[in-house]
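Visitor: Chains B and C with the ligands: place on chain A using the hints.
Chain residues, written in single-letter form:
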Amino acid sequence: MDFQDYKDVWVFIEEKDGVIAPVSLELLGAGRKLADKRGSELAGVLIGENIKHLTSTLFEYGADIVYVYDQPIFKHYRTESFMKALLHCSNKYKPEIILYGATSTGKDLASAVATDLPTGLTADTTELDVEEDTGLLLASRPAFGGNIMATILCKKYRPQMATVRAKVMKALAPVQGRKGTVIEEHIDLAEEDIRTKVLEIVKETTKKVRIDEADIIVAGGKGLGSAEGFQLIHRLAETLGGVVGASRDVVEAGWVAHAHQVGQTGVTVTPKIYFAIGISGAIQHIVGMKNAGLIIAINNDSEAAIFEACHYGIVGDAFEIVPILIEGFKNALTREEVSHVREV
Amino acid sequence: MLHIVACIKQVPDTKIIKMNPKTNTMDRRTAPAILNPYDAHAVEEAVRIRNRYGGTVSVVTMGPPPAVKAIKKCIEIGADEGYLITDRRFAGADTLATSYAVTKAIEKISKTNPVDLIICGKMSIDGDTGQVGPGIARRLDIPPLTSVNKVVEVNQEQGYAIVHRKFEDGHEVVQSTLPCLLSVEKTINEVPYSSFPNMLKAAKYEPHIWSVDDLENVDIKQLGLKGSPTIVSKVWTPSKPEGGTLLEGDAKEQVEQLLSIILEKKELFTVKEES
Amino acid sequence: MSEKFDAIVVGAGPAGISCAHDLAKGGANVLLIERGEYPGSKNVMGGVLYRKMMEDIIPEFYKEAPLERPIVEQRFMMMEKESALTFSYKGLEWGKEPYNNFTVLRAKFDQWFADKAVQQGAILINETVVLECIVEDGKVVGVRTDRPDGEVYADVVVLADGVNSLLAQSLGFHKEYKPNEVALATMEVLKLDKKVIEDRFNLEENQGCTIELFGDATKGIVGTGFLYTNKDTLSLGVGTLLSGLIKHKIKPYELLEYVKNHPMIRPYIQGSEPQEYLAHLIPEGGYNSMGKIVGDGVIVIGDASQLVNAIHREGSNLAMTSGRLAAETVLLAKEAGDFSERRLDHYRVKLLDGFVGQDMKKYKDSTHHFEKFPQYFEQYIPMINRAASQMFTVDGSSKWEKQKKIMKDLGSTKEKMKLARDIYRAWKVVK
Ligand SMILES: Cc1cc2nc3c(=O)[nH]c(=O)nc-3n(C[C@H](O)[C@H](O)[C@H](O)COP(=O)(O)OP(=O)(O)OC[C@H]3O[C@@H](n4cnc5c(N)ncnc54)[C@H](O)[C@@H]3O)c2cc1C
Ligand SMILES: Cc1cc2nc3c(=O)[nH]c(=O)nc-3n(C[C@H](O)[C@H](O)[C@H](O)COP(=O)(O)OP(=O)(O)OC[C@H]3O[C@@H](n4cnc5c(N)ncnc54)[C@H](O)[C@@H]3O)c2cc1C
Ligand SMILES: Nc1ncnc2c1ncn2[C@@H]1O[C@H](COP(=O)(O)O)[C@@H](O)[C@H]1O
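Protein chains in written order, with the UniProt record's numbering: chain A, 1 to 344; chain B, 1 to 275; chain C, 1 to 431.
These are computed hints drawn from the structure, not numbers from a lab.
Careful, some of the hints might be misleading.
Have a look at the derived ranges for each label pair, beta carbon to beta carbon [stated by the list, open to error]: (1) A:Ser226 with C:Arg266: 36 to 46 angstroms; (2) B:Lys226 with A:Ile187: 30 to 40 angstroms; (3) C:Arg144 with B:Pro114: 36 to 46 angstroms; (4) C:Leu166 with B:Pro64: 50 to 60 angstroms; (5) A:His258 with C:Pro148: 20 to 30 angstroms.
Taking lysine-lysine and the DSS-like style, the derived pairs with C-alpha atoms no more than 27 angstroms apart in a straight line are [to be verified]: (6) A:Lys33 with A:Lys75; (7) C:Lys25 with B:Lys201; (8) C:Lys405 with B:Lys69.
Listing some non-contacts, in silico: residues in chain A with all C-beta distances to chain B over 10 angstroms [said to hold, decoys possible]: (9) Thr105; (10) Arg178; (11) Leu189; (12) Asp301; (13) Ile321.
Backbone N, C-alpha and C fix where the C-beta goes; we use that ideal spot for every residue, glycine too.
The following block holds chain A by itself, in its conformation from the complex (with noise of 0.2 angstroms):
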C-alpha cells in the first residue's frame, strides 16, 4: 500500500428527506481543520435520490469537493448499495481519512466499508487531530464506561476512518456563495443485486423528546430521591420553559425515559443554560454536557464533582433551592413585564 496515493479528508455527508444531519456538518467543520492542517482539500460523500442541490450547502459549510451519487436506488438508505457507491469512490480517488457521524446510519455504513476495505474504524470518537507531515489521524474516544480516553490509531491502513459523535464538532459559520468542484459518479447496481428492501417507513407521530435540541434543559439526578421527588424537575422545567434531562441512574429507576438521559449512554446536549439538580457528576454524565453555555449545580453535597463542572453551584438541599426558584423565577417574570411566557 502506497500512502503516497492517499489524500484529502472525506465526510460522509448523511441526508435524509433532503435534509443534511446536523452531525455531517459539524464534521464539516472538524474535516476543514485536518485538511487545512495537511494542506489537501476536504470532500463530502453524497450518497440518495434527487440529492444534487444540498451540495452547495456542503461548500457553504467547508467542502471543497463533493462526490456524488444521485440514483433511485439510493433512495432508501441500505447497508449494501450505500457501502458499494463509497467503496467505488473510496477506491477511484483514495482519501487518508473518512469521517462518518456516529448515528446508526453512519455506525452501520462505516463497519461494513472498514471490513470490505479493509481498514481500521475508531467509533464514537470526541475528538480528532492529525500529524501534519504523516497525516496520521488521531482519534481519541472514551473508553472503559468512559472512565479514560484512548488515543487510536492506523498506522498501516489506508484510509483511516473513524465515526464522530454529534454535538462535539463545531460546524463552521456558513460562508454564502461559497463554492467547489461537484464530481457526479455511478455505479451500475440494479435492484437485484440488493438483498434487502425497505417495505416501509413509519414514522412516530408522538412527538419525541428532542433534549439535544433544546435551549433549557433542567436534569435531575438520584438525589431527588424517587419519582416522585423527580416532579420537581418537571415543574421547574415547565416554569422556565425547559425540557427535563436526567442522569443515568434516574433512567434505570425508571423515573423517566430514555430519552432524556443526557451523557455518554445518553444524549449529548448543548442548550444555553443546563441546570444538574441532585447529579453528582460523574465523567460519563458531563461529557453529555459540559459545553452547555451557561451551567447550574444544584447538590447538598458540596465536595460533590458537578460543582467542578457547573458555571455557577449552589450548595443545598434540592427540595428547599427549587421551590424558591420556581417562585421567585415567576415573581420575576411579572416584575419584569415579560408578558408571553412560553406555555409548555
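Guide: Same frame as chain A, now just chains B and C with the ligands:
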C-alpha cells in the same frame, strides 16, 4: 428447522468499575465479568424465534477460557449449544480481527448445521463500537441489519426475514434474504428470569471449545493483534473542569443571585412567535 | 417433574460447599443452590480461615487456594479512649507449612472452594433463592426456588443458608433470634499499598497479623472489633450484640466510623481507601440457642444451626466441620436407603461429640455472661489501661507507690472482691 447463531461476548461490568479518585486508575478487581447485557437480548431474541418456528440456537464467542461462564448464561436464557474459540493467537484483536475470527467459527459451525440467521447485540459495553456485527456479515457476505427492534417474520422456506429497524423518529420495515445478520437493540425484548430446568441444564453444560487449529482456512496474519489495523497509542484520564463559582448566603439569597444570572438570558424566556 | 437428586444443599458458604464437596466426592448426585451471584458474593467474614478444618476437606489446599496471608502474629488490644494495652504472640513457625491459619477474602475464597466442589461433580446453581422446603407427610422431600418451574426434589435437603436460616425457622426448628443471641457485625475492606501494610504491621511478604480489639472499640458494648491484614487490603470491623446496639442507641456504621477514627487504630489505616462495606449477623447465642438440627430428610449445618464460637471468633471452621459430618451422614443414609430423622441423627451425635460440640458446650454461657455483666467491657478494660499507664509512666514515684495507687483505683475492698469474683467467673466461661 432454523439454525440461529447468537454472537456473544464476556465483558467486565463497567457499571461496577470504580475509579480511584486519587490516582485516577481503574480498580478492575471490582469489575466482575458478565455476559454483555446487549448480547443477552440477542440470545433471548434467538430463543424466541426458535420457540416460534422450531430449530436450534447456538451461541459463539471469542474470548479467554473463563468466557465459558458467559456461554452458560446463554444456556440459562435458553440457547441449545455454545462454542468458545479461545487461543492466545486471538489476543489483542480489534473489531476487524474479531469479526474475522468469529466468522471462521461460524463457518465451521455451519458445516454441520447450516446457519440461517445470526444475531448480535447492538454493542459490547467494553468494546463499545457495534462494529463487530456488520463486520461478520460482510465477511460472510450476507446482509447486515443494524438497530433492529422487532423481528416480524422469519420464513425459512421462502428464505426471507422481515424486521423493524429503529431510527430517531420512527422505524423502517425491511425485508432481507436469509441468511442475514441482525444487530438488536435492548428494547427488542425483555430477558425473563430463567427457569430452573434451564439453570440446571446450564450448570451441567460443557461448551465446545476450539483453538485456532480447530478452525479451517485461517489466515493467521488476520488474527489478534497482528490482524488489527487499529492500535491504542495513548490512554489518559479526561482533564477535570476547573470548577465554577459557588453562590453564597442563605437559600433565598442564593436563589436571588441565580435568578439575576439566568435572567440575563431573558430572550430565552419569551415566546418566539407561534408558527 | 425435574430430576431428583440424592441431596440438595442450600447455601454455598463454607458449610454448604464443604458438604457438597464431600457428598460429590463420595459419589452422591448433589445440587448446591446459592442465591448470590456467585459463592462468596454475599458472604461476610473478618477473614480468618483455620487451616486444620479446611485440610480435613481438601488436604494441602494452601498450595493453590486464593489466600491472603498466613497469620504469624495475633495481637489483642484492650482499648481505652486514648490508650491501649496490647499483648501479642508472634511465631514464625506459623509462617511455614503446614501453617496455622490464614486471612482470606471470602468473595475469592468461596468461589475457588465451590469450584473444587464442582470439580468433584457437585452441580452449582447461583442466583437462585430457595423459598421453602417441600414437605410431604412430615418429611422434607425437596425445595421450591424462586424460578419458574422451580421445584426440585432430593432424598435429603441440607440447610446451610447461614445465620438467619429462614428455612429451618419455617420448619419450626428454631425461633427467630432474640437481639441478645445475634451480633451485628459491620466491616470495611480498606485498600492499602502492600508495602505500607508490611511496614505498619511489621511483617514480611507473605506474613499476616490479626488484631482483636476489646473495650473502647465497641464503646464498651459487649462485642469485639478486629483488624486483619490481607495482601493489599485491611479488614476492619466491629461486632456487637444487637441488644447492646439497641440499648446504647447507636447505629452499627457509626460504631465502625468511631473505630476508624480511634487514635489507636487510625494510624494503622491512614491513607487507605474503603473498597467494600459489609454488614452481617453472627449467631452468638451459643449452645443454648441451638435449635433442632435434624429432621426427616433434612439436616441443618453451619451458621444456620448457630455454630459459632463467639469468644474465639470462629465460625467458618465449625461450619466446615459440620458440613463434612453432614456429608458423611448422608452418604451412610444413602447406603442404607434410609433418610429418616433417626438415621440422620448420626450427624448430631458426631457433631456434639467432636470438637464442635465440645467447644459449643464449653462456651455456652460466655456471650450471656458478658451481656449480663457489662462491667467487663464498661469498667474493667478502662481500669486495666489506667493500671498500665500508672505502671509505665516514669514520673519519679517508685513502683511500690504505683502499685498502691493502682490498688486504690480498683476501689474499696468490697469492689475488689467483686472484681475478683468477676475475673474468676469470666475465666470459668472462657477457659
Ligand atoms: C459505561 C457507562 C456509561 C454511563 N453513561 C451515563 C450517561 O450517559 N449518563 C449519565 O448520567 N450517567 C452515565 N453513567 C453513570 C454515571 O457513572 C453515574 O453513575 C450517574 O451519572 C450517577 O447519577 P446521579 O448523579 O443521578 O446519581 P448519584 O451519583 O447517586 O448522585 C446523586 C447526587 O444527588 C445529591 N443529592 C442527594 N440528595 C439531594 C438533595 N436533597 N438535594 C440536592 N442534591 C442531593 C448527592 O449529593 C449526589 O451528588 C454511565 C456509567 C457507565 C459505567
Ligand atoms: C464480620 C464477621 C467476621 C467473621 N470473622 C470470622 C473469622 O475471622 N473466622 C471465622 O472462622 N469465622 C468468622 N466469621 C463467621 C463466619 O463468617 C461464619 O461462621 C461462616 O460464614 C458460616 O458459614 P455458613 O456456610 O454456615 O454460612 P454463610 O457463609 O452465611 O453462607 C450461607 C450461604 O447461603 C446462601 N443463602 C442463604 N439463604 C439462601 C436461600 N434461601 N437460598 C439460597 N441460598 C441462600 C447465602 O447467600 C450464603 O452464601 C465472621 C462473621 C462475620 C459476620
Ligand atoms: N469476542 C466476541 N465474540 C463473539 N461476538 C462478539 C465478540 N465481540 C463482539 N461480538 C458481537 O458483536 C457485537 C458488537 O460488539 P462491539 O463491536 O464490540 O461493540 C456484540 O454485541 C456481540 O454480539
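Visitor: Hint by hint, say whether it matches the structure.
Guide: Right, here's what the structure says about each hint:
{"no.": "1", "hint": "A:Ser226 with C:Arg266: 36 to 46 angstroms", "in the structure": "37 angstroms, holds"}
{"no.": "2", "hint": "B:Lys226 with A:Ile187: 30 to 40 angstroms", "in the structure": "33 angstroms, holds"}
{"no.": "3", "hint": "C:Arg144 with B:Pro114: 36 to 46 angstroms", "in the structure": "42 angstroms, holds"}
{"no.": "4", "hint": "C:Leu166 with B:Pro64: 50 to 60 angstroms", "in the structure": "38 angstroms, violated"}
{"no.": "5", "hint": "A:His258 with C:Pro148: 20 to 30 angstroms", "in the structure": "28 angstroms, holds"}
{"no.": "6", "hint": "A:Lys33 with A:Lys75", "in the structure": "32 angstroms, violated"}
{"no.": "7", "hint": "C:Lys25 with B:Lys201", "in the structure": "21 angstroms, holds"}
{"no.": "8", "hint": "C:Lys405 with B:Lys69", "in the structure": "68 angstroms, violated"}
{"no.": "9", "hint": "Thr105", "in the structure": "8 angstroms, violated"}
{"no.": "10", "hint": "Arg178", "in the structure": "29 angstroms, holds"}
{"no.": "11", "hint": "Leu189", "in the structure": "14 angstroms, holds"}
{"no.": "12", "hint": "Asp301", "in the structure": "12 angstroms, holds"}
{"no.": "13", "hint": "Ile321", "in the structure": "6 angstroms, violated"}
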